[in-house]
Structure formats: C-alpha cells, structure tokens
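K.L.:
Now for the letters of each chain:
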Amino acid sequence: MSALRPPSLLDRSPVLKATVGSRGNLALSTVVLILAALAFPPMVRWLLTDATFFGNAESCKAASGACWAFIGEKLKFIVLGFYPQDEAPRAYAAIALLIGLVGLSATPRLWGRKLAAAWIASLLAAIWLLGGGGPLSPVPTEKWGGLPVTLLLSFGSFILAFPLAILLALARRSKLGGVRLYAVVLIETVRGVPFIAILYAATLLFPLMLPAGAAIDKFARAAAALSIFVAAYLAEIVRAGLQAVPRGQSEAAASLGLTSWQTLRLVVLPQALRGVIAPIVNLAVGIFQDTTLVAIIGMFDLLNAARAAATDPNWIGFYAEAYVFAAAVYFVFCFTAARYSLWLEGYLKTP
Amino acid sequence: MNASAETEEPGRTRPGILTFVRLWLGGWPLAQIALYLGTLLAVFWLGRNLVANMARLGLTPGFAFLEHAANYEIGEGFIAYAAGDSYARAALVGLLNTIAVSALGCLLATVLGVTLGIARLSANPLVSRLVQAYVELLRNTPLLLQLFAWNTVIHLLPGPRQALSPLPGVLLSSRGLFLPAIDTGGHGATLAVAIVGAVLAMRLILKLRRHLAGPSPRRAVVLAYLAAVLLPVAIASGFGVAFTFDVPSLKGFNIRGGISMTPEFAALMLGLAVNASASIAETVRGGILAIPGGQWEAARSLGLRPFSVMRLVVLPQALRIILPVMTSSYLSLTKNSSLAVAIGFPDLVSILNTTANVTGQALEVIVLMLGAYLTLSLATSMVMNAYNRRHVLRGDRR
Numbered sequence: 007m008s009a010l011r012p013p014s015l016l017d018r019s020p021v022l023k024a025t026v027g028s029r030g031n032l033a034l035s036t037v038v039l040i041l042a043a044l045a046f047p048p049m050v051r052w053l054l055t056d057a058t059f060f061g062n063a064e065s066c067k068a069a070s071g072a073c074w075a076f077i078g079e080k081l082k083f084i085v086l087g088f089y090p091q092d093e094a095p096r097a098y099a100a101i102a103l104l105i106g107l108v109g110l111s112a113t114p115r116l117w118g119r120k121l122a123a124a125w126i127a128s129l130l131a132a133i134w135l136l137g138g139g140g141p142l143s144p145v146p147t148e149k150w151g152g153l154p155v156t157l158l159l160s161f162g163s164f165i166l167a168f169p170l171a172i173l174l175a176l177a178r179r180s181k182l183g184g185v186r187l188y189a190v191v192l193i194e195t196v197r198g199v200p201f202i203a204i205l206y207a208a209t210l211l212f213p214l215m216l217p218a219g220a221a222i223d224k225f226a227r228a229a230a231a232l233s234i235f236v237a238a239y240l241a242e243i244v245r246a247g248l249q250a251v252p253r254g255q256s257e258a259a260a261s262l263g264l265t266s267w268q269t270l271r272l273v274v275l276p277q278a279l280r281g282v283i284a285p286i287v288n289l290a291v292g293i294f295q296d297t298t299l300v301a302i303i304g305m306f307d308l309l310n311a312a313r314a315a316a317t318d319p320n321w322i323g324f325y326a327e328a329y330v331f332a333a334a335v336y337f338v339f340c341f342t343a344a345r346y347s348l349w350l351e352g353y354l355k356t357p
Numbered sequence: 151m152n153a154s155a156e157t158e159e160p161g162r163t164r165p166g167i168l169t170f171v172r173l174w175l176g177g178w179p180l181a182q183i184a185l186y187l188g189t190l191l192a193v194f195w196l197g198r199n200l201v202a203n204m205a206r207l208g209l210t211p212g213f214a215f216l217e218h219a220a221n222y223e224i225g226e227g228f229i230a231y232a233a234g235d236s237y238a239r240a241a242l243v244g245l246l247n248t249i250a251v252s253a254l255g256c257l258l259a260t261v262l263g264v265t266l267g268i269a270r271l272s273a274n275p276l277v278s279r280l281v282q283a284y285v286e287l288l289r290n291t292p293l294l295l296q297l298f299a300w301n302t303v304i305h306l307l308p309g310p311r312q313a314l315s316p317l318p319g320v321l322l323s324s325r326g327l328f329l330p331a332i333d334t335g336g337h338g339a340t341l342a343v344a345i346v347g348a349v350l351a352m353r354l355i356l357k358l359r360r361h362l363a364g365p366s367p368r369r370a371v372v373l374a375y376l377a378a379v380l381l382p383v384a385i386a387s388g389f390g391v392a393f394t395f396d397v398p399s400l401k402g403f404n405i406r407g408g409i410s411m412t413p414e415f416a417a418l419m420l421g422l423a424v425n426a427s428a429s430i431a432e433t434v435r436g437g438i439l440a441i442p443g444g445q446w447e448a449a450r451s452l453g454l455r456p457f458s459v460m461r462l463v464v465l466p467q468a469l470r471i472i473l474p475v476m477t478s479s480y481l482s483l484t485k486n487s488s489l490a491v492a493i494g495f496p497d498l499v500s501i502l503n504t505t506a507n508v509t510g511q512a513l514e515v516i517v518l519m520l521g522a523y524l525t526l527s528l529a530t531s532m533v534m535n536a537y538n539r540r541h542v543l544r545g546d547r548r
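Going down the list, the sequences are from chains A and B. Throughout, this note's numbering is defined as the position within the first sequence, counted from one, plus 6. Throughout, this note's numbering is defined as the position within the second sequence, counted from one, plus 150.
Since the hints were made in silico from the structure, they are not lab data. These numbers come from a predicted model, not from an experiment. A virtual CB, placed ideally from N, CA and C, is assigned to each residue, including glycine. Hints are not guaranteed to be accurate.
Unchecked claim - Derived DEER-like restraints, expressed as beta-carbon distance ranges:
(1) B/Ala370 x A/Gln249: 42 to 52 angstroms
(2) A/Gly118 x B/Arg540: 44 to 54 angstroms
(3) B/Leu180 x A/Ala230: 27 to 37 angstroms
To be verified - Part of the chain A face toward chain B, derived, beta carbon under 8 angstroms:
(4) Leu34
(5) Ser35
(6) Val50
(7) Lys181
Build out the structure end to end from the sequences listed, making use of the hints.
P.N.:
Below you can see the structure in the form of structure tokens.
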C-alpha cells in the first residue's frame, strides 16, 4: 500500500527520517532540542554577550559574564609561569621550536634518521634556550613554567622513553627467562600503580637514596619519572607491534645472511613500529594530558600556571575563566593530534 | 585440569624440571646473572645511601612508625578516626576512601558509559552528535582539569538554604550531595547479615531445585530473591524495629539526614565517572559495531522488538569484546582516584603523602602505596576475569 504512495519528504531525506521519522526518534529529538535550548543561551551569554573583554577586575565583577580581560591581562603568566619577564623571548623561541618540530613530524615523508636527530637536537636546544648558558643568562628550572614546561616534559619524556620501551619490549619477548621476568615485573609494576605514586617516589624517595650532598634537579626527577611511566606503556604497544610481524620476515632476513642485530634493526623493528604508529600517537595525547599531574608536586605547567593566575590578588577568583582557557588550549592540541592519528591510520593502510 | 590432560599432544611429555630450567636460562646464563647482579648492586648502593641519610635525619627504617600516633586530622572517612590514632589507622581510612570513591565511580561510569555508547549508535543524528561532542570534550582535556572544574562547580552551588533539588529527596548544595537513606534504627548490620544469609539460602534452594527438575522459571527466581530480601525486613519489623525513610532536609544552617557526600567526594566521584564514561561509551560502541549485521537481522526476523534484540542478542555477544577493555577502564579509574590529592579529598595517596612528609619515612610509605595499588589492581582484574569466565564466555564452556 505504501509503495503506491508518492515518496513523502521523509522518505527522500534520510536526516529528517532519522530525526522525526518515528515516534521514538521524535521524542528523542525533542528532548535533545529542549536540553540545547536550556543550556545554550546561558552558555552564550556567559561566554560572549555578557562577558567583559576589556577592563579591570572591577568591571568584571560588575558584569555577569566571563572575564576575558583577566585572560588578556594574565596571558603571559599562564603561558610562561614565573619565567623572568626580560627573558620571555627565549621561552617563546623554545615553544616555537618544539611546536614547529611537531608540525614537521606530522609529515610521513620526512620520517627517518634525520628527523630523530632533529628531535634530540631541538630538545637540547629548547633546554638551553630555557635554562641559559653561554651568552644566555642562566634561569633555574624552578622558574620555568607554563607551556614550555608542558611541551618539554611530554616530548622529552617520550623521546627518552622510546629506546627504553623498545628494550623492554624485546626483553619481554626474549627467550631468556630471567630477562623476560625482569621486564614483566618492571612493566606490570609501573602500569599497576598511579602515576602520582611514581612521581612521589621520584621526588620524595629518590633524593634520600643519593649519597649525602648529591642532588638532582626537581624538573629532571619529574622528567625521569614520566619517562619510566611512558616507557612501560610504550613497551606494551611496541610488543604488540613486534607480535604482528610475521615470523617469515626474520627467517627470510636470516637466510639472506643478516645478523640477528641487523634483522632486528633493518627488518623487524621498522615493520613493528609502522604497525603501531596510531596507538603511539594516542598514547602521546594521553601523556600530554598526564603532564598536568606535575602540578601536584608543585611545578607550574600550563594548567597549574592558569590556576595560579586566578590567585593573583588583583584578579582573584576567576577560576572558571582560567579553566576554560586551559581546556581550550589542551583541546586544540589533543583534538588535532587525535584527528591526525585517524588520518594517519588510513594513510598507512594504503600501500 | 582433566581437559588439559586430554588436549595434550600424544607422544609429548612435559619437560622435566631440569629441561625447564635450561630453557629458562637460555643460551646466556652469565648475561642474566650479570643483569640480576647489577640490579642487586644498584639496589644495595641506593639502600645503603638511604639508611645513611635516614640515620642522619634520626629515622629508623622499618614499618614500626605505623603504630605511632598521627597528629593530623582527616576530613572524612568510613571508620572513626581522630588525631592521635595510629598512622596505620589513618592509612586504612585512606584506603577505604579510595575503594569507596573508585567503586561508586565505576558503577556510575558503567551506567553512563553503556547508555551513551548505545546512544552514540542512534540513527538520530541529533543524539549521536551530542554524545560524540561529549566524548571528544572529555577525551581531549586533562582529567586533572576536569576535576578542578567539578570541584569549582560544586563549590559554586548555592548554600544549604537554597539547595537545588533535581529529584525529590536529592539535595545539591555547596555542602555536598545529599541522598535519601533508609533508617534502620541502628539495626543495619544485623539486617544486612540476615539479607545476605537469606539470599544465599534461596540460591541454594534454587540450585537444588534445578538439579531435580531442570532450570527454574525466571519468575520463580525473581520471587525467591524478593522474598529473601523482604522476609528479614518483615521479621525485623515484626520484632518492633521501625524503618523510616531518612530524607535530607534543612535543619538550622546545614542539611541533615540521609546519605551525604562531601563536596570533594562528590566532585572526585563525578569527575572520575564522567571521564571514564567517555571511554566506556567508545568501547561499548566498538563492541556493538563488531557484531555482524546478520545477528540483528536474524533476531528481528524472529519477531524480537529492537530493545529485546539489543538486550538478548547483541549486548551478550558484544560483552565478550567489551569486558576486557572495560576492565582496563576500571583499573585506570581506580588509579586516577589518586588525583584526589589535588582537590583535597583524603584518599590513600593523599594520606600517605602527608604521612611521608610528617614522618620522613618515604621508602616505607612508597612501598605501602605501590603494594596497595597493585593489590587493588590485581583484585579488580581477578573479579572481572571471574565474571568474564562465568557469565560472558559461558557459551564457550563445554
């Protein structure tokens, strides 16, 4: 019967059919629209129409919306933390260097030994730019803060963790029982406890374990803790990649006369790593977010700097604005990386 | 155990202990011995420094300090604690707080996550897009930031006098979240024991019945459990124990009655649950998508309604894919509950950290911390694996 009827508007538009086509969907759509109608106007009012974009704390307090003037005023502090004002260009240069390198790394054509070398060189350069030395006046790591700390910690720990992770993954697949046990215990212990516990071990316990008088910088300790943490998770990803390389590959390489080291370096590892690039990018996003935990041991990364900005006596209490701004920065970084990971997965599948 | 003996290849015997050791040691026993020796030396060196440093600070290594009196207060807990109780008791308060917030968080995250995961697959683009936005927002911002935001929001809520009441009996205010409770008049523990006992007895009866006369009908099972819960309550009321609903209400300057959650507990629990619900929703969505379309079609052609198709055919199969991933979501939620220290909720890490700062016994405290979380992780995995074997993979058992 219905087949004889001319196609209605609903039959021609799949979107309309899915939203209002049946009683259930009509009800769902209504609920969603009512929720949107309730949530959106106050949100827009707070974010934009009632917000204060220019002015001071008094004009902000008078208005009912967000105080974006606060972000404008404290932007430098949120991005750089307690880094000395006069040396700010150095920190900006470090940020530009690291972000630029991420951009370069996103191009699969450039992957190779040179890029790896560029990474190590840039990290060292960023540390030099921030910390000083030579012609640059020294800035102690306690003064480092904001975005450079977030970037340096997450990228640096990843680079440091990489060789360790490959070693752990290989050890976990070793024929030698003792080596295998060693890797399993190390990986599972680190994965079984919260990052904060490792961070505390590095900040509270490790200094006690050094000979009297010796000391290691807090920043370095946090970076080391983060590297160990990343290495355990990365090792499991690399292990999955190693498992996916067919046995025939290493047998073929051996029959060509390659040594086991050459087989590993030239045949097995490249294929194993290529297979798990997307999970590695996802892990990197997670680690980028986890660097915020250094706030708990009193370091001023981007999030903690944003929080500290809201404790400025002149601009006290604008926590919501600080959090929304920090969330936006993290979202831009992480969302871009997640989308890139999706694209990359497709790109790597096509031969 | 019998099954493995049967499936073993014929003509192959298990290697003897010596062969096993030889295989385990592999080709380079010396290299392995060197590895362990090196580690041992490093541990010894670090340990010697530690003991020397502790002696310099006037500390003795060991867990004896746990018996000493702690001089700090703890904001909240499930067992009585006051400054002057031992450090061990303080740690126990923290452990219970961690377990409570994690367990409640997992429960809420599962309910939210499964609902959202199914909603994400809705043909209705308004619904699926809304869920997608929710998932993207939560996945691409740091958890710590989310917890800060929840904490701020809860403290921005109106005071007790103007408390919000989203549902009757539920009050939300800057003093925390208040839920109605059943007042058992001090007989809660006895009643709980009675109910558990009755449920176990009913299970036994049902099991015996099944042995005699095939599977019991669903209605009998439901009735039996209902009776098991209601009978002890009825008998207790018969003996004069009065049960009343304890609905939270404003008394004086604060809200009293019912079950209360402090703002910190509520912020942590909600933050963890909402954050985990995003990844659970993605897991559920992936698991459902992995079920071949033929299953849907076959179930529908049998005349099942969409809800029943989901409940009886698709979800049980999807659960096999979902459950292992869900387990790791629970594990990470439990570990993430340690972020409590950032918003001032006294969880295990927060209390142990205070203990370490007060006593200086960093090594012991870190060992306790690692031990507690490894045990919790192991326990969660074991429970989830047992559930997986018993309920999810039951079709595979022969």
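K.L.:
Please go over all the hints and tell whether each is borne out by the structure.
P.N.:
For each hint, the structure was consulted:
1. B/Ala370 x A/Gln249: 42 to 52 angstroms: Since B/Ala370 and A/Gln249 have Cβ atoms about 48 angstroms apart, the given range 42 to 52 angstroms holds.
2. A/Gly118 x B/Arg540: 44 to 54 angstroms: Given range 44 to 54 angstroms: holds, Cβ gap about 51 angstroms.
3. B/Leu180 x A/Ala230: 27 to 37 angstroms: holds, 30 angstroms
4. Leu34: holds, 5 angstroms
5. Ser35: This hint holds: A/Ser35 lies near chain B, its Cβ roughly 5 angstroms from the closest one there, short of 8 angstroms.
6. Val50: This hint is violated: A/Val50 lies away from chain B, its Cβ roughly 16 angstroms from the closest one there, beyond 8 angstroms.
7. Lys181: holds, 5 angstroms
Against the hints set out earlier in the document, a violation occurs for number 6 only.
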